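J.: Below are the chains, spelled out letter by letter.
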Amino acid sequence: MLNFAGQLINLFAAMLLLISFAMLSQRRVLSLINLFALQGLVLAVSTTVVAYSSNQHHLYYSAGLTLLLKVLVLPWILHRLIRKLNVKWDVETMFNIPTTMLVGIVLVVFAFNLAAPISQMAGTITRGTLGIAMACVLLSFLMMITRSKAVPQVIGFLAMENGLFFAATSTSYGMPMVVELGIALDVLIGMFILGIFFFQIRETFDSLDLKHMEKLKED
Amino acid sequence: MNSLLLQLIQDALVVLIAPLLLGWVNQCRAWLQNRSGAGVLQPYRNLIKLFHKDAVLANNASPLFRATPYILFASMWLAASLVPVIATDLPLSQAVDVIALVGIFALARVFISLAAMDVGTSFGTMGARREMLVGFLAEPALLMVFFTAATISHSTSLVTIVETLAHKQFVIYPSLAFAAIAFVMVMLAENARIPVDNPATHLELTMIHEAMILEYSARHLALIEWASALKLLAYFTIACALFMPWGIAEVGNLAALPVALLALFIKLLLGGAGLALLETVTAKMRIFRVPEFMGTAFLLAVLGMLIHFLLGS
Amino acid sequence: MTIASTLLPIDVALGAVVCWLLLGLAGLLLQNTMAITRYIFPAGALAALLLAAAALSNLGGDSNVAVLPLGLPDLPFHLRLDALSAFFLLLLGAASVGISLYSAGYFRDMEGSALGLLCFEYHIFLASMALVFMADDAYLFMVAWETMALSSYFLVTTDHHVAQTRRAGFLYLLIAHIGAIAILLSFGVMQGGQGDYTFASMRDAHLNAFWASATFLLALFGFGAKAGILPLHVWLPEAHPAAPSPISAMMSGIMLKTAIYGILRVSFDLLDTPQWWWGALALTLGLLTALYGVLFAAVQTDMKRLLAYSSIENIGIILTGIGLAIVFHSFQKEALAALALTAALYHSFNHAFMKGLLFLGTGSVLHATGERNLGKLGGLIHRMPKLALLVLVGTLALAGLPPLNGFVSEWLLLQAFLLSPGLPHSYLNMLIPIAAAALALAAALAGYVMVKFYGVIFLGQPRGSDVVGQKAFDDVHDVGIWERIGLTWLALGCILLGVFPVFFILHIDFVSQLLVGHTLGVSAAQTGWLWLTPIQPERASYSPLILFVIIIVGVLFTLYGVKKFYHGRLRRGPAWDCGYPEQTARMQDTAEGFGQPIRQIFQLFFGITREVPGPFDKKPHYHGETSDRLWEWCYLPIARLTDKISALTGKLQHGRIHAYLLYSFVTLLALLAFVR
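Residue numbers (this note's numbering), protein chains in the order written: chain A, 87 to 305; chain B, 426 to 738; chain C, 3 to 678.
Wrong hints could be hidden among the right ones.
[What the hints assert, rightly or not] Heads up, incomplete: computed chain B residues facing chain A, CB under 7 Å, no partners named: (1) Ser547; (2) Ile597; (3) Glu717; (4) Leu736.
[As the list claims (entries may be wrong)] Straight-line alpha carbon distances no greater than 20 Å define the calculated DMTMM-like cross-link-like pairs of lysine to aspartate or glutamate that follow: (5) Lys566(C) <-> Asp479(B); (6) Lys474(B) <-> Glu588(B); (7) Lys565(C) <-> Glu635(B).
[To be verified] Label pairs and their calculated CB-CB ranges: (8) Gln472(C) <-> Ala437(B): 30 to 36 Å; (9) Lys566(C) <-> Leu430(B): 22 to 28 Å; (10) Asn210(C) <-> Gly276(A): 55 to 61 Å; (11) Ile691(B) <-> Gly563(C): 26 to 32 Å; (12) Lys170(A) <-> Trp633(C): 33 to 39 Å.
No lab work stands behind these hints, which were simulated from the structure alone. The structure presented is a predicted model; accordingly, all values stated were derived computationally and were not measured. Glycine included, every Cβ here is placed at the ideal spot set by N, Cα and C.
Using the sequences and the hints given, assemble the complete structure.
T.: Here's what the structure looks like:
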């Protein structure tokens with residue numbers, strides 16, 4: 087049996103997965119953003135717990151950074167973005183939601199089997215969670231595939247990064263601080279650039295539906 | 426002998442407080458919607474009023490139609506009285522494990538649906554069809570929720586499940602988080618609550634449960650309403666047993682009973698308020714969305730069980 | 003020594019078979035409706051009872067063998083009665099008692115010569131099934147198997163003047179023969195090149211993994227064709243409705259179990275080392291079959307087709323249990339294998355009773371109204387209350403509701419899933435919860451199907467106002483005495499199997515002892531016959547009798563309380579229906595309407611063709627049809643390929659004798675060159 091911190095981290099891992107599934111089954115952009123913020127929060131808390139239980143001080147900074155960036159700044163930008171772009175309505179999904187979730191379950195099983203050998207090698211207290219982290223990454227990918235509008239895709243992209251981050255903390259107590267800072271900056275800048283792209287896309291096609299991008303190909 | 430006595434106490438307790446719980450939920454809803462409400466005792470008054478009335482039966486109602494309220498009431502009473510609520514020392518819980526409990530719910534559902542089709546009105550059959558639609562996804566979801574708890578405690582007996590979850594050292598089960606969400610969704614659907622159904626309206630396009638019992642009146646209707654209250658109570662006590670079993674009295678420990686009773690009341694108060702809040706903040710779904718909602722619940726429950734197998738905890 | 007003590011159970015069983023053959027002949031010769039219905043069918047039921055008694059007495063005993071000097075010279079028929087055979091003979095005997103008694107009443111309106119023929123085929127069918135269960139060599143097995151297929155083919159095509167029936171019969175015969183070829187091949191592989199086709203030598207032939215797997219796959223295919231496993235299920239929904247109802251009951255309730263018997267015999271008895279993936283394959287196929295069957299059952303509009311699809315579902319559930327048992331057996335978890343096997347066997351037995359009961363019930367409805375289409379029935383509970391009550395038992399049992407028998411076997415199977423500990427294979431481990439979920443879904447959908455079945459036929463108002471089917475509603479009469487006895491026998495079986503499972507499991511234990519070397523009964527009975535506790539009492543226990551009694555007591559107590567403290571005053575009035583005044587019987591859901599949600603949700607699986615009336619049509623016309631997609635995906639390509647090949651071969655045909663002689667000559671030369 088794991089100690090209390092280990093159980094907590096397992097719980098947070100399960101919550102992350104739960105939120106990933108919730109995002110997969112969510113039709114509304116606003117709720118999607120809120121779920122994304124919640125995912126960031128869970129991630130920050132779980133990183134703090136890992137930091138506390140393993141005495142890795144640099145993880146506290148990571149947790150703080152996550153909190154600042156993914157719970158406050160990015161959701162705020164996204165909220166502003168959709169207000170500006172006025173795209174609050176329901177998201178069209180390409181497949182119906184139970185089918186997507188069924189595929190999601192298959193992905194989870196796949197991810198766990200994939201992660202099983204790696205988890206055996208990892209020496210951290212939280213090695214069982216690597217599978218969940220991988221599943222989160224795959225699920226976010228799936229979400230990007232199944233949504234036709236631009237904003238949910240970006241959220242999927244950001245959620246994927248969350249999964250990667252969780253994988254890093256759970257298996258090897260995080261990446262070096264420099265790398266983490268770099269990624270954080272990357273995500274932020276990427277967000278800005280994508281935001282600008284949104285405006286451009288809408289200027290051109292009068293919609294954020296990415297189906298219109300098909301017109302760009304040369305005949 | 427002690428356990429038999431406890432069983433009888435619980436039988437009496439559940440059948441008496443079930444309408445109270447319903448009244449409490451309705452009262453909370455009223456408060457949340459800025460109404461003063463009819464008071465927590467209103468369901469009792471309704472029941473008494475209905476029992477006093479003369480029953481009116483449709484001309485072509487068959488014996489099945491008349492028998493159904495009694496079968497429904499008896500099976501819901503059984504369901505409510507075998508969930509360990511105040512003590513784990515219940516003989517009935519040995520006779521009926523969680524799979525059989527799901528079976529009893531299914532039995533009640535099949536009978537009420539058949540009765541709804543009996544008179545042969547348009548609304549009745551529509552209600553039966555919708556009820557079965559909700560049911561065929563809710564039943565496996567509920568079963569999977571139970572299975573998650575059963576794999577944790579290596580038993581399908583409710584007594585063992587509750588004992589494992591309540592009396593061992595404190596352990597967090599991530600799989601139960603999934604199960605809990607799935608359970609809440611099933612509970613909303615099975616008890617005809619918003620967002621799946623609205624117990625307060627007779628609107629043709631949306632009603633499920635009410636459409637089925639349109640033809641019932643007087644004592645038959647009273648029994649059905651009472652059975653619904655018992656069903657709600659059963660779901661609440663199942664939730665207590667699976668997700669917050671603390672405070673329940675152990676086998677042979679009669680001194681712990683008052684504490685257990687108090688704990689139960691607090692849990693029900695909080696749970697009822699929570700349900701009212703949930704119902705107030707969500708909107709009624711279109712009927713076509715219901716399969717999706719129930720499908721999500723089912724898959725979440727399956728996922729919970731998978732997580733248990735995967736995390737090995 | 004008296005004769006009774008030297009008379010082995012197998013001799014008694016053979017006696018019953020001979021009885022059936024003689025009765026069939028007598029029917030053929032007599033051709034008198036009165037005599038056949040009054041005497042021959044009840045006598046057949048007695049023979050069935052005898053067979054059941056012999057099988058029951060031998061379940062726990064040693065296996066008996068007998069050699070009949072019949073068949074070809076030097077190739078006598080070997081017979082053997084071990085626990086597995088005895089179990090299925092018990093099933094055959096017990097279920098056919100009810101069906102034969104019912105037939106005594108059902109066929110009373112049939113014309114003498116046709117009935118004589120039917121009586122002959124019917125008893126040959128029964129006898130051949132008994133011989134299939136008793137055969138101890140491949141030769142007798144195949145002879146009995148083919149006799150069974152042929153006799154049932156003739157029974158299916160009883161109404162041969164209907165084109166659809168002929169088509170259904172042809173399809174059945176075709177698939178039955180493809181299956182038989184696969185079974186024959188499987189036996190051929192299994193005897194391991196020794197040339198000895200007795201089962202005893204097959205047991206001794208230790209095949210390597212490859213040949214054993216080939217045998218298993220061939221057997222699964224061959225027996226699957228008979229059982230209706232996906233994608234070989236297509237004949238079932240055609241043949242079952244075409245046959246007269248007692249025949250449908252027999253085919254669905256008993257004949258499908260011969261295939262289950264075959265799968266069990268091959269995979270547990272004749273092959274010695276099961277591979278885990280056989281089990282995984284059977285499990286997956288079983289679940290797919292179960293889900294597919296129940297989904298299609300939910301959208302049917304013909305009551306017998308609905309039951310046929312439901313049979314597919316139940317076969318799927320049984321196969322799931324067998325698959326699980328093979329998985330456990332291959333990982334040496336014998337206690338769990340015994341649990342899964344018990345569930346499968348229990349469900350086989352249950353299904354014979356429930357489906358027999360329901361098919362016979364539809365027979366009575368058909369007899370009384372002349373209508374199979376659910377859309378034209380309704381309200382029959384008022385005209386046929388006794389039938390309605392008996393069918394209700396079967397309906398609830400098939401819906402898998404406690405405290406009836408369908409629930410017990412599902413309970414056991416779910417327990418087997420639930421108690422499966424970590425298997426040494428990670429994907430398989432994760433398959434288990436998902437499979438349990440799929441099984442639960444199928445079981446819940448069965449409830450949907452049964453509510454539709456019962457609700458549309460018996461409840462509500464007759465959908466043609468005063469007409470139900472081809473008769474005026476008031477002219478419909480309840481079932482006669484013989485039918486009622488047969489139905490009651492099966493309904494009682496459903497109740498007793500549901501309420502006293504432990505007694506029955508103690509009998510199944512002999513089979514699981516034989517097949518997997520472990521029993522359930524020791525643990526099932528350790529807390530007394532009242533409690534069903536497959537592993538340990540604190541892990542799982544179920545007491546259907548207590549449940550049953552408590553529900554009854556609860557109902558009576560409530561009834562008493564209400565009458566005592568209030569009153570029982572009752573008035574009758576028109577239906578309320580939200581105050582809508584102009585309701586007609588046509589406003590009820592039809593069978594199609596009731597299945598609409600399923601059709602909508604699982605659209606992907608159905609081929610749906612619909613003609614919907616426009617808003618301005620003067621004579622609105624609606625037509626909807628739901629077809630099986632596997633036809634176009636699986637069978638039509640094969641049919642097209644066959645057509646193409648036969649067109650190619652057709653080119654060889656000139657009609658000139660010289661050309662044909664040339665072909666023979668060339669073949670002869672080629673063969674001579676080959677054997678040189």
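J.: What are the numbers of the hints the structure violates, in ascending order?
T.: Violated hints (numbers, rising): 1, 6, 7, 8 and 12; every other hint is consistent with the structure.
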